[in-house]
Amino acid sequence: MALYILRRIALALPALFGLILVTFILSRVVPGDPAATLAGDAATPAQIADIRARYGLDKPLLEQAFVHVRQVLSGDLGNSVFSGRPVSEEILQRLPATLELTFVALFFATIIGVVLGLIAALDHNGPIDHLVRIVSVGGLAVASFWLAIMLQLQFSMEWDILPLRGRMDVALGLPPRITGFLLIDSLAAGRFDMFVDALRHLVLPAVTLALPGLATIARFTRSGVLEALQKDYVLYARAAGYGRVRLAAIYVLRNAVTVTVTQVGLLFGALISGAVAIEAVFDWPGLGTYAVQAILSADYKALLAVTLVVGVVYAVVNVLVDVAQALIDPRVAEQIS
Amino acid sequence: MAAIGLFIVLFALVVAIFAPWIAPFPDDAFESHIMQRLRPPSAEFPFGTDNLGRDLLSRVILGTRSAILVAVSVVLAAMLIGVPIGLAAGWRDGWMSEGLMRVTDVFLAVPQLILALALGQLLAPGIGTAMVALALTYWPFFARTVFAETRRLRGSLFVDALAGIGAHPIRILLLHVLPNAAPAVLVRATIGMGFTILTAAILGFLGVGAAPPTPDWGLAVAEARQHLPEAWWFATFPGLAIMLLVLGFNLLGDGLRDAADPRLRRSRE
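Residue numbers (this note's numbering), protein chains in the order written: chain X, 956 to 1292; chain R, 15 to 283.
There could be a bad hint or two in this list.
[To be verified] Here are some of the chain X residues that sit facing chain R, going by a computed Cβ distance under 10 Å: (1) 1113; (2) 1117; (3) 1229.
[To be verified] Between beta-carbon pairs, the in silico distance windows are: (4) 965/X x 200/R: 29 to 37 Å; (5) 1285/X x 200/R: 45 to 53 Å; (6) 21/R x 1285/X: 43 to 51 Å; (7) 21/R x 1079/X: 19 to 27 Å; (8) 1016/X x 140/R: 40 to 48 Å; (9) 1253/X x 200/R: 55 to 63 Å; (10) 1089/X x 227/R: 32 to 40 Å; (11) 1081/X x 274/R: 54 to 62 Å; (12) 960/X x 109/R: 24 to 32 Å.
[Claimed, not checked] These stretches of chain X come out as covered by chain R in the derived footprint (C-beta under 8 Å, 3 or more residues): (13) 1056 to 1062; (14) 1089 to 1101; (15) 1187 to 1200; (16) 1260 to 1272.
Quick caveat, the hints were computed from the structure, so don't treat them as lab data.
Here the structure is a predicted model, which is why all the values come from computation and not from measurement.
Just so you know, even glycine gets a beta-carbon here, dropped at the ideal spot from N, CA and C.
Please construct the entire structure, taking both the sequences and the accompanying hints into account.
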């Protein structure tokens, strides 16, 4: 098992290395003269030359690439062209907000998705099955930003029962920062009112973000359960007289859930992408709004750093998912090693 | 279900092709009428009017054309990059094949939207850039699909027989392997259409896609945000159009997949 995990990590490394190279190429080749960009519009040629020398932009491209890889590996993502602060600092500041939103959405999508998929499979071709199918087909077709706005329109503007934007009511302030996850930090500070408020702020963005995932998970769980129901061991268990609930919970779900776990991992990337647009709608102070701000202020350093960080998070999640899958189904690990 | 999808897609195609003749006010693509701004839906303007007094129904109809045009160009371009790479990498083993697939993995390791955003920004935002960015992020899916099909087919009897009678590898790949991989590519392309329409809409919404006054669905939703909650119709109808068209392509893709190969695995996204 340990060997499998190591092997899986080793497999992810070339892709990450390639990712660093791609961001380098994008940063050096595409935006014209980076020294001129850094110096600003009013800079004299001498100032530009000075910046070029200071940032090593006069060195051969290959050497620059080498330096870039070394910098990134040591956690230095450069300074924001816009604010002048280190990009890595700004990203670390904002990452917890995005991760909290994503985890809550993922949690929600998984629980509801698995339950819906299971119910639909047990009601094969019945009315519930059709209803779940409509939800799952529709959930994948909705534009996240639009759904977010529609929910805002209804729940925040029309009925005024959920907050319109942000992570926390300004009047409440913020709990002392420990993890950056407001749900955890507020409980750690013993402020239950803050916890409830953070949760209320999470509902709309998390539901919007979860919907495509929920749809995918429901769909895969459904087909996984249907397939598992055909297996001989289920037939045996049925012949032995097990009730439907017990059958589903013990024999079917575990076997059906392997496929679902892979999907959860693949979804994580989609969730992060979806978070960008959703954060923009809800003014959620995470990586997504950071990326959008970077676009508006033409801050290519920040944008490339976000690309890199998201790529790394994505790769880590995929390794975790493969390991989880191997833990649930040991045959997966055997097949590969 | 697949029939519904086919119907929606065909309907959208007809609307896209004849958009300027179907739209009640085709000139509203670029004209504005400030005096009648933000009118609610009525007999004259079934979807209402937008912030510049333009008929929303006309703009949704005209937007169909650009949405489909973008999706078709992006998917075709992605195919042109991905299919040859998949064929080349799948045919032989060795460092070339390995290298190509590693590059493919790198592109798959970044969520498409983020990479498209970065590219879109770096190459000066606009619909053209958005299309380049989307094509550059979608080709790996074709490369993967064709790679798997080529690997599966290259050891089969008919390929051996063709090689035995001296057929050139390129001839075998293009005339014999590719047609066999076509169903899988077609399914990928159909699903890719829906996916591209969604992502292009997000790019438009975030301001790195279509620019005003182009009738674009994502852009329209972004413009509508400032006029909520009063002008609910302004945000609602363009979003419904996105959903309907994506739904059509997804349903059609599902149907095609079931028809082509029931065992074909759903891949990522």
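Cross-check of the supplied hints:
| no. | hint | verdict |
| --- | --- | --- |
| 1 | 1113 | holds (6 Å) |
| 2 | 1117 | violated (14 Å) |
| 3 | 1229 | holds (8 Å) |
| 4 | 965/X x 200/R: 29 to 37 Å | holds (36 Å) |
| 5 | 1285/X x 200/R: 45 to 53 Å | violated (37 Å) |
| 6 | 21/R x 1285/X: 43 to 51 Å | holds (46 Å) |
| 7 | 21/R x 1079/X: 19 to 27 Å | holds (26 Å) |
| 8 | 1016/X x 140/R: 40 to 48 Å | violated (28 Å) |
| 9 | 1253/X x 200/R: 55 to 63 Å | violated (40 Å) |
| 10 | 1089/X x 227/R: 32 to 40 Å | holds (36 Å) |
| 11 | 1081/X x 274/R: 54 to 62 Å | violated (28 Å) |
| 12 | 960/X x 109/R: 24 to 32 Å | holds (27 Å) |
| 13 | 1056 to 1062 | violated (count 0) |
| 14 | 1089 to 1101 | holds (count 9) |
| 15 | 1187 to 1200 | violated (count 0) |
| 16 | 1260 to 1272 | holds (count 6) |
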